[in-house]
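There are 2 protein chains.
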Amino acid sequence: MTLIDGKSVAKAVKQEIAAQVEAMVAAGKRRPHLAGVLVGHDGGSESYMANKVKSCAECGFKSSLLRFEDTVSEEELLATVNKLNNDPDVDGFIVQLPLPKHIDEQKVIEAIDYRKDVDGFHPINVGRMMIGLPCFRSATPQGILMLLEHYQIETRGKHCVVLGRSNIVGKPVASMLVQKANPGNCTVTICHSATKNMAEITRQADILIAAIGSPEFVKADMVKDGAVVIDVGTTRLPASDTKSGWRLHGDVDFEQVAPKCSYITPVPGGVGPMTIVSLMQNTLLAAQGKIY
Amino acid sequence: MTLIDGKSVAKAVKQEIAAQVEAMVAAGKRRPHLAGVLVGHDGGSESYMANKVKSCAECGFKSSLLRFEDTVSEEELLATVNKLNNDPDVDGFIVQLPLPKHIDEQKVIEAIDYRKDVDGFHPINVGRMMIGLPCFRSATPQGILMLLEHYQIETRGKHCVVLGRSNIVGKPVASMLVQKANPGNCTVTICHSATKNMAEITRQADILIAAIGSPEFVKADMVKDGAVVIDVGTTRLPASDTKSGWRLHGDVDFEQVAPKCSYITPVPGGVGPMTIVSLMQNTLLAAQGKIY
Numbered sequence: 000m001t002l003i004d005g006k007s008v009a010k011a012v013k014q015e016i017a018a019q020v021e022a023m024v025a026a027g028k029r030r031p032h033l034a035g036v037l038v039g040h041d042g043g044s045e046s047y048m049a050n051k052v053k054s055c056a057e058c059g060f061k062s063s064l065l066r067f068e069d070t071v072s073e074e075e076l077l078a079t080v081n082k083l084n085n086d087p088d089v090d091g092f093i094v095q096l097p098l099p100k101h102i103d104e105q106k107v108i109e110a111i112d113y114r115k116d117v118d119g120f121h122p123i124n125v126g127r128m129m130i131g132l133p134c135f136r137s138a139t140p141q142g143i144l145m146l147l148e149h150y151q152i153e154t155r156g157k158h159c160v161v162l163g164r165s166n167i168v169g170k171p172v173a174s175m176l177v178q179k180a181n182p183g184n185c186t187v188t189i190c191h192s193a194t195k196n197m198a199e200i201t202r203q204a205d206i207l208i209a210a211i212g213s214p215e216f217v218k219a220d221m222v223k224d225g226a227v228v229i230d231v232g233t234t235r236l237p238a239s240d241t242k243s244g245w246r247l248h249g250d251v252d253f254e255q256v257a258p259k260c261s262y263i264t265p266v267p268g269g270v271g272p273m274t275i276v277s278l279m280q281n282t283l284l285a286a287q288g289k290i291y
Numbered sequence: 000m001t002l003i004d005g006k007s008v009a010k011a012v013k014q015e016i017a018a019q020v021e022a023m024v025a026a027g028k029r030r031p032h033l034a035g036v037l038v039g040h041d042g043g044s045e046s047y048m049a050n051k052v053k054s055c056a057e058c059g060f061k062s063s064l065l066r067f068e069d070t071v072s073e074e075e076l077l078a079t080v081n082k083l084n085n086d087p088d089v090d091g092f093i094v095q096l097p098l099p100k101h102i103d104e105q106k107v108i109e110a111i112d113y114r115k116d117v118d119g120f121h122p123i124n125v126g127r128m129m130i131g132l133p134c135f136r137s138a139t140p141q142g143i144l145m146l147l148e149h150y151q152i153e154t155r156g157k158h159c160v161v162l163g164r165s166n167i168v169g170k171p172v173a174s175m176l177v178q179k180a181n182p183g184n185c186t187v188t189i190c191h192s193a194t195k196n197m198a199e200i201t202r203q204a205d206i207l208i209a210a211i212g213s214p215e216f217v218k219a220d221m222v223k224d225g226a227v228v229i230d231v232g233t234t235r236l237p238a239s240d241t242k243s244g245w246r247l248h249g250d251v252d253f254e255q256v257a258p259k260c261s262y263i264t265p266v267p268g269g270v271g272p273m274t275i276v277s278l279m280q281n282t283l284l285a286a287q288g289k290i291y
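Line by line, the protein sequences give chains F and X. Counting from 1, position 205 in the first sequence corresponds to residue 204 in numbering that gives the first Met the number 0; the numbering is continuous, with no gaps. Counting from 1, position 230 in the second sequence corresponds to residue 229 in numbering that gives the first Met the number 0; the numbering is continuous, with no gaps.
Mixed in with the good hints, there may be bad ones.
Identical copies carry no separate label here, and so any pair may be met within one copy or between two of them.
[Claimed, not checked] In silico DSS-like links for lysine-lysine, alpha-carbon gap of 25 Å or less:
hint : residue 1 : residue 2
1    : LYS106    : LYS53
2    : LYS259    : LYS242
3    : LYS100    : LYS195
4    : LYS61     : LYS289
5    : LYS13     : LYS218
6    : LYS223    : LYS195
7    : LYS242    : LYS53
8    : LYS195    : LYS259
9    : LYS179    : LYS61
10   : LYS106    : LYS82
11   : LYS223    : LYS82
12   : LYS179    : LYS195
13   : LYS179    : LYS106
14   : LYS179    : LYS100
15   : LYS242    : LYS218
16   : LYS259    : LYS82
17   : LYS28     : LYS61
FYI, nobody ran anything at the bench for these hints, they're computed from the structure.
All chains, full assembly: derive it from the sequences and hints.
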């Protein structure tokens, strides 16, 4: 069993990005600039955003963070999005989700210029991804593909079973892996809350991607011997023995499942670090004008 | 075994649409107007377009057909698209595919205002469909869902296997059936040219949708007893005993497979007529301003 070390892959990719940035700067170009909009003080959002800012520094990017209290109006937020759309110094930007309930998230996502939508959530990027056209690909699914590629895991003709049909992981990763591409060319099955005989299906998976947000959901009897298991779960549960008072749990019962796998991602340190790296890569592509 | 009669369902839906149109006209509104752009003289394209014009008449729509020789330049075609985008009398329009090789199809598709894209091929409509937002849904997949609905075929929790990953059928029908909706909520598997053990997978299908364009590909041993089989294939093969000199072949070996099915679509007369009806329904929705 090989433990997929997302942390070290992420580090290596960030170093490659940083080298490209230095070459750009040496050639007289300005540094890529990622802006982030953060509303409120949710613990998860705060820590994701802090990680993004830190990653920008590691990649040699300029970053800026625009903070709002959770009383911000939708109008004010949309005005900020519009300002960032029109700021020629900003290559890409993200609005950290979730947003407070009085703000229409979808409206905010669609207000972002798709050419700066480095999160890949805008319908144009989602549609182009599905069609198989160049686009900003959603960060977590793209991070999973980068891991498969890095570990030279064959995907062509493999049966990939995706647990979960969220718009940010399940649907896009299924859509990416079914494309005639490498990584890709998988036979793909999507399972979700309405699926019957879940274990019967997951046991057929050569590659199993768990993204349902249900801690330790995947047990040993749901996994085929030699499978590749990618755990996208990141549920915070209270813990008495950690400094923070909580611990991150994946969707896979790691202790049970790991011995059966050819490859498995840990939580934390698997998919998580790759999500941010994909975002960095999208920002670099935006600055280089390589997508649009 | 029940034969799914797409022709009669299509007729019934067109009558419903026509009734809605007459009510609109009685209320002082103008008739929905669908425009079509046809390049060249391909036999299939000519006959599809003629059918669309005929269906418009049956639904009480205004229709107009813009014809070009296959020597038309991309520039001229894009100018036509732009004119239709800006014509307030046109509710929706289609550009019949395929286009001659010197014209970039994707560029033409993306030039269409997504609010008039009743074929549902524009990335914005594809993306919104995948996300689960209101949009113009691609006509053939939507026609399949209408058939499932008409025959009250339960889809929730069923395993739907889709053969084919084209942008106009395989990918969108998979995307629609996985949504938390009715019809929908299926466990969905997509198979394609790189799939191994195809028969092993298709035999698990409660609903099997064949859209690979390979005549009589699906044989009896690939189908579970009691399955619902939807045949999207429309390959024209030469025939000595027909007036036209050709005959339409589906992707399913109907004679072998039909006896095992609970429901099956014939070719012709199954999915085909529903594709045009979906287009009519999208045009009505466009005229009513119900999507955008």
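Cross-check of the supplied hints:
no., hint, result
1, LYS106 x LYS53, "neither (28 Å within a copy, 39 Å between copies)"
2, LYS259 x LYS242, "neither (32 Å within a copy, 61 Å between copies)"
3, LYS100 x LYS195, "neither (33 Å within a copy, 46 Å between copies)"
4, LYS61 x LYS289, "within (19 Å within a copy, 43 Å between copies)"
5, LYS13 x LYS218, "neither (33 Å within a copy, 50 Å between copies)"
6, LYS223 x LYS195, "both (18 Å within a copy, 17 Å between copies)"
7, LYS242 x LYS53, "within (21 Å within a copy, 72 Å between copies)"
8, LYS195 x LYS259, "both (24 Å within a copy, 22 Å between copies)"
9, LYS179 x LYS61, "neither (35 Å within a copy, 40 Å between copies)"
10, LYS106 x LYS82, "within (16 Å within a copy, 29 Å between copies)"
11, LYS223 x LYS82, "neither (51 Å within a copy, 57 Å between copies)"
12, LYS179 x LYS195, "between (29 Å within a copy, 15 Å between copies)"
13, LYS179 x LYS106, "between (32 Å within a copy, 21 Å between copies)"
14, LYS179 x LYS100, "between (39 Å within a copy, 22 Å between copies)"
15, LYS242 x LYS218, "neither (28 Å within a copy, 61 Å between copies)"
16, LYS259 x LYS82, "neither (51 Å within a copy, 61 Å between copies)"
17, LYS28 x LYS61, "within (13 Å within a copy, 55 Å between copies)"
Violation of the numbered hints given earlier is confined to hints 1, 2, 3, 5, 9, 11, 15, 16; the remaining hints are satisfied by the structure.
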